[in-house]
Amino acid sequence: MKGTIKLALAGSPNVGKSTIFNALTGGRAWVGNWPGVTVEKKVGVMKLNGYKVEVVDLPGIYSLTAYSIDELIARNFIIEERPDVVVVIVSAINLERSLYLAVSLLELGVNLIVALNMVDLAEREGYVVDVKKLEALLRVPVVPTIAIKGIGIDKLKNIIIQSISNPRRNPAIVDYGDPIEKAISRLCSFMKTHTPEVVHTYHPRWLAIKLLENDRDVVEKVKLLPKGDLLINMANEMRKELESVVGDLEVYMVNQRYAKILEIVDKVVRRVRVKGISVSELLDTVLLDKFLGLPITITSIYLMLYFAYNVSLPLVDLVDALFSSLADYTRLILQDKAPLLASLLADGIITGVGTVLVFTPMIAIFYILVAILEDVGYMARVVFVLDKVLHRFMLPGKAIVPLILGFACNVPAVLSARTIEDENDRKTVIMICPLSTCSARLPVYLIIASAIFGTYAALAITSMYVLSIIFALVIGFLFKSFIFKGPSIGFIMELPPYLMPQSRTVLIKTWERTKRFLTKAGTVILAAAILVWLLSITGPKGLIGPEALEDPALLKASWVGAIGRALQPIFTPMGWDWGATIALFFGFMAKEVVVSTMAMVYGAEETSLGRAILAHFSPLSAYAYMIFVLLYVPCVATMAVIRSEIGLKYAVLTIMYQMVLAYLASLAVMFIGMILGLG
Amino acid sequence: MTIMRKLYVSSLLIGAMYLIAGIVAIVNWSSMLLGIEPILSIGYIPPDAGFALVMITIGITMIAAAYFRDNIAKCLACALVGSGLGIASAFIQIAVTLAVGLDVIITWEEGDVLGTIFDVLREGIIRADVVLGLPALVLFMMSYRALKRLL
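Just so you know, the sequences run in chain order A and B.
Taking our numbering, the leading residue of the first sequence gets 2, the next gets one more, and so forth.
Taking our numbering, the leading residue of the second sequence gets 104, the next gets one more, and so forth.
Hints were generated in silico from the structure; no laboratory data involved.
The model shown is predicted, which means the values in this text are computed figures rather than measured ones.
Backbone N, C-alpha and C define an ideal beta-carbon position, used for all residues, glycine too.
Do not take every clue at face value.
[Claimed, not checked] A partial selection of chain A residues facing chain B, derived with a Cβ cut-off under 7 Å:
(1) Y63
(2) L283
(3) T300
(4) L304
(5) L314
(6) D337
(7) A459
Based on the provided sequences and hints, a complete structural model is requested.
Below is the structure:
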């Protein structure tokens, strides 16, 4: 092995960065059309010509400013970790926009390779990019790729090897004009003679540019260095002087970069055919229409749920039968020899985890459909359609990404709010994120809806999704109006062209997401099932024994019964018994635990849980229960992320408002239902 | 009659059928909520708000093709998307019917399994969304042909 090479992969959202990451590493990164899907640092490894190459997938960003956390993460990684090579993925169908990041990286002084992706789509749109000319103008290697088909990946690997021994940097890509260039030179000379520590960390030209732009993060960091104040003062004086000539210096320098990019694009892009209307543009006239877009979006979500719910039924019943047989068999062989162990395995673990796992086929089918729509490019349209709605509720456009991601899991949703620049907006969005109905809540809806609402189950579940969006919008509006006041920033997003879904990508995405669900079942839900079992067979007076799970009177005397009965009066207006109440209590660990707890408390196995639910709920109280599950406290993992992102105060505030909201909303459902005679 | 004229007239007619089915479903669903017998009875239209949502969306999208008849691209797009959704909903209903039939076999305990499966399949296949899937398919093919000419 020749050594370890650190390679950073950078690119804007929707340019195929994750696909190239997978192609290079064979890793299992999520590949999607949703903007901003890569929010965490992801590392993969590839062996290349005797080198071990560590590939770091940076967040999807458009530039390297200090205004968004994701951009700061990427920038700081490059400055602090000093990757040997940076590959920036540039979209051939949107060269102007994606070259800005490449230029920003060049200014940072990195050893850069440009992967020019989607060249086939550019040709389909009627133009070609002159790769040789682009290479000459940028003075770094440019590799044309079609990542989705694996074309150009081998060449990219070869160029990576070459660039290790022959690094190519071009920090002076943009000429800012005489007075600014002189100021940059003076600052660089000052750094070299008076503050050499700075030069060890930063590329002098880049640092000079950032100081002239008054980049808040850089200024804060330089302040901490010896003689850093001197450097900042010098830069401040120069900025004042230059601003009297060119106006706002930061805006001027951004404009200069764009001018350079336009000059490059003008030289390298050649139109070979007059562009007609494309199929994507044609379909978007309807799918993004201000009247038709929203109903089509809701209909698509409904059809997906209807299909997933019904088509998976045979598989769900098969898995159900499997777990029931397993529980029976366990009891059969262990009941006489070790009754406590038999109960732990059969009533606790198999029933507890099994009642959640039976929904795996349903969730997997739902994820397949979501992955197909992502690959086709429709999910990006859903984001666009809902973005329009967000603005009416004073929410920032970028809020749509966390809210949509929240339908899968609230944890990455909260993390993805990092792309929101304004602090008040970010806090608002993070606090409404748990209102997005995550897939953990789906098993609860499924078991209740199928037991109570029968053929209307899909409709009842869809209404949870619609209500989830409505509550998020209304609460967000209230937060923005009264607590986190201020204007909201719009969201600029690229709509990818419609493409045929790739089976490999769809399967990888589905597996990644289903694996999360299965992992959770094997960890948090397993632990919760054991805890609930333990608290069911013991009570304030000591051990009761597994008989408690068969005998409601004994169960009432257990810890589970004691806690449930203590809390139950609060929920009397909704008509929920103590069993339903205790299930909510343990649902704080993970929402799926509501189902496993119900199974244990109602002494039901997977097959009979539906019947038990039917016996304990009326249609109205069941719907109110579903709404409570939709709105009440986020799970422990989400709470931990909210705390780490915006602090304990806001995490506590989120718990409080969600509890109050859930209670009032379910109470309102009961009240309105009673008035309408539905009780 | 030009292709576009044929397209938007067909789209209007088929869209109206979807819209009527959707309205019937929502009226019957509302009457069911109020605990009374379904008011309207036309073919097999389930009293289901979800079904109504799908039918009304498809109907409106197809009818929009006629509304935008002066804008060739939008007219064509409405017909394509509307008929595409119509085909998708028919396909989904057929898949659901087959799955429910299979589920009957898996969960069967006693009685006439074949008779029950036959009832499930019959009720699933004669639903309005499956029946209307056929004219939607014809509309989709017409739109696709027109699209190929346009591109």
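Does the structure break any of the earlier hints, and which numbers would those be? 1, 6
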